[in-house]
Amino acid sequence: MNVTRRTVLGGLALGGMGVASARPGRAQSRKVLRIGVLNDQSGPYRDVSGLNSVVCVKQAIADFGASAKGLEVEVLSADHQNKPDVGAAIARQWFDRDGVDMIIDVPTSSVALAVANVCREKNRAYINVGAGTTELTGRQCAATTIHWAYDTWMLAHSTGGATVKTGGDKWFFITADYVFGHDLERETSGFVTAAGGKVLGHVAYPFPGTTDFSSFLVQAQASGANVLGLANAGADTQNCIKQAHEFGLTSQARIAALLMFITDVHALGLETAQGLVLTESFYWDLNDKTRAFAARIKDKTPNNMPNMVQAGCYAGTLHYLKAVSALGLDTAKTNGAEVVARMKAMPTEDDAFGTCKIREDGRVLVPAYLFEVKKPAESKGPWDYYKLLITTPGDQAFRPLADGHCPLVKS
Amino acid sequence: MIPSKIAAGPARSTLGTPRTHALAMGVMILFVILAPLFLYPVFVMKVLTFALFATAFNLLLGYVGLLSFGHAAYFGMGAYVTAWTVKNLGLTPELGILLGGAVGAALGLVFGWLAIRRQGLYFAMITLALAQMVYFFCVEAPFTGGEDGIQQVPRGRLFGLLPLHDDRVIYAVVAVIFIAGFLFLYRVVHSPFGQVVKAIRENEPRAISLGYRTDSYKLIAFVLSTFIAGIAGGAKSLVFGIATLTDVHWSMSGEVVLMTLLGGLGTVFGPALGALIVTAMENYLAPFGAWVTVTQGAIFVACVLAFRRGILGEIAARLKLDL
Amino acid sequence: MHAIFGIPAPLLFGQLLLGLINGGFYALLSLGLAVIFGMLNIINFAHGALFTTGAFAAWMLLNYLGLPYWYALFLSPLIIGLFGIVLERLLIRRLYGLDHLYGLLLTFGLALVIEGLFRNAYGSSGMPYQIPRALSGAVNLGFMFLPLYRGWVVIVALVVSLATWALIEKTRLGATLRAATENAALVQAFGINVPRLVTLTYAGGVALAAFAGVLAAPIYSVNPNMGSNLIITVFAVVVIGGMGSILGSIVSGFGLGVIEGLTKVFYPQASDTVVFVVMAIVLLTRPAGLFGKAA
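Protein chains in written order, with numbering that gives the first Met the number 0: chain A, 0 to 410; chain B, 0 to 322; chain C, 0 to 294.
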């Protein structure tokens, strides 16, 4: 019966249109190196990394002189919306279908871990810059994973340690309810109690999606703590700080913004952010090299100065390209673990972080700088926000190798 | 209750299998077999699991006439249970998936019993509220991993023998699950039980006066629907190796309603077609951010205003077929 | 710092205050929903999205036209009300006479469209909206700390809710509205333009949602998900209060806000689900809701 065959096929044709994009086949060209920048482009972390990270990756490709060396590099980017299933699905699709060879950035630790797993399964290089969880170089380390810029242990040691030393001994935590928040809270609590302080209480809030922290701040107020520990980042941290001022919490407690970036200080304004103590591994105004790098980027991102995540995307890409150049494009496309091994064998060298070593567990040993946010009167202009208090060199800033229980490390 | 006029086909005996059904079934099975050759297998598996979910949902909406606005609860709990047992108890995949289905059914039994006391709108509101409770339970409960979800779920070995790592092997398994589930639901609909259920939808007081315990029939249909939904969820978590809060969120409930509405409420093959179109649309629009949401909303509005019978429903009505 | 039942007073009263604020939003939103359902027999799933639109309108008025909060309180409901008239005329009108569930599905689709458009334009984490200077700062009452703006929200929500109730129950316009709900044909026979009344009712309910949105903007940051986070809880509130009952919405709204606040103090993990548990209990015992008329 012609009619029935047609009707059913007609229905299939409708589906066919949209399905066309699911065809495999774009992966065939073997002469192009593809880098995928996967991060949050619309949610609470969009200013922490977002599209500015993509700009930094492209800058690294230009600074490396890829086209002069005969290496054609393509950059893809996508928004993982802070959801592990979305991030993992994009990674899988990028590797299976689109010929991507390396994934970089990936803030939001729950997504970072899911993507690390996919990269390990498919043997592709993975440079995580945006996420904080120490699991990436701990129990869930992999031969394909490298972790740049920072992690929760470094933050707890630097910011947490400094706050405790200056009299902050009664803590209350407001924690983003996912692996990053819990890691950061746990590690900071460890430093607090080791230094003789006490954790009076903590509360975890749904992430992402919470914009009103009043209920948690009321609990913090009632606990009698003298330090409000913010185990969160990005827009969440900004909202907590603003609302803490609204509720008068700042008269009884100091705020320890355990993870904060220059982009957050910019959004809050010096009036609100002055006096806050935070840790980053990069500051554009630190030395001549960082200023030169920042100047190159500022042209392309006129409203933004790079923070440690965006600088990390630059440095990570640069180092990756050096390794690919040494091993050849074919190896890069088939064996991510070998490229990562090569990256670990060479010290990193770039304008943003200087010279650093990469450890066996994938941890990049960048220096940790403890900054204090300037008062409005002390600042000479936009983005002139930080006073350097303490520098911790890379080999002391991170968790000792043995404590991580990374299976790659031979004990 | 959804008026029966939408779902009514031509007045003919449906106890035998009409030729159209056999043909449509054949085309569908052919598509399932050939698809991985020219489409990305993981994409097709996503379509298959959602098609199964939507067809199970349609059992309630199109045939019983009950709009369950919280069906993601059963799908998501199936996903979580399968993921957790396979990862932590070392259960083989088929047992994990069956367990997911069983949990979906158990939850369906409890929620269905609560909700069936009310009709129409109230029924929808209750199912939505109960699903929200499941969502918040999943946020708090330690075993679900909260926002992180259950990650690194191994695909394992089917029956302890056949390793499922290869996308093509697991595709075959998922295809079999889909076809089996679909045939099961088809059989339920075209059976004496299915006839009674359709009678209840058309005129419940009359069915009661004929001596049928309508609440029991509705509840059984509810449980069958949630059982298959749980199986679909379990299969999905194995394919992607992850179970997250997205699977129990009310937006997932909305999506399955969209697929069924778009494909055709009272048709057998409609929801599966709807699943294919919606998943493909999402895949195509994903790089463009929230346009997926906007498009979904627009399709809802368009369908309700002008296109109530859905694609296959319209085709069936115009050609006077029973699809 | 004294304690009540072992709970420090600032914590108890603080959470109660926050509960009342939430309750105020629940009351304003469920009022609008109840009025719309009573008159149009439509479950307006788009209510949350219109709440969000009200907040965005306030933000846009400030950032594009320089009009601060006090203007937004009046302009935003007006603008969104007009939008509501357009929606009703174009889309909602075609649903009368159809099964209720189509109204649910259509407005659900509308909500997705509105929220998707905002998310595309402004991202999902929110745009900050300053508390108006006259209301910033806080008062230390001794037994608790009261941020002025939040106290203001509770008072305004209460006043507006009661005013709406008075409008519907005590005025002639309200009487006409109630009569049209019961028997539209008869009221039309008296010469009253019922379709126009219906349109205005929808616009009024929607304007209430937008008003709540402006109130919420400084607290929640103006973000596309504000509405969808609230709307399902608001549905539960409406069901508890009774689908067409105005007084029911106000009482249940504030009441449930307080219950939620208290749950946060004594048993925080359950604070999200307590509203639904109450709803399930109410549905099993008094199916028409606490103040509703039995169907």
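A portion of the hints provided could be inaccurate.
A short, non-exhaustive set of chain C residues, derived as facing chain A with CB atoms under 8 angstroms [as the list claims (entries may be wrong)]:
(1) Leu-17
(2) Arg-118
(3) Gly-125
It is worth saying that the hints were derived from the structure and are not from the lab. A virtual CB, placed ideally from N, CA and C, is assigned to each residue, including glycine.
To see whether the hints hold, each was checked on the structure:
1. Leu-17: 5 angstroms, holds
2. Arg-118: 7 angstroms, holds
3. Gly-125: 5 angstroms, holds
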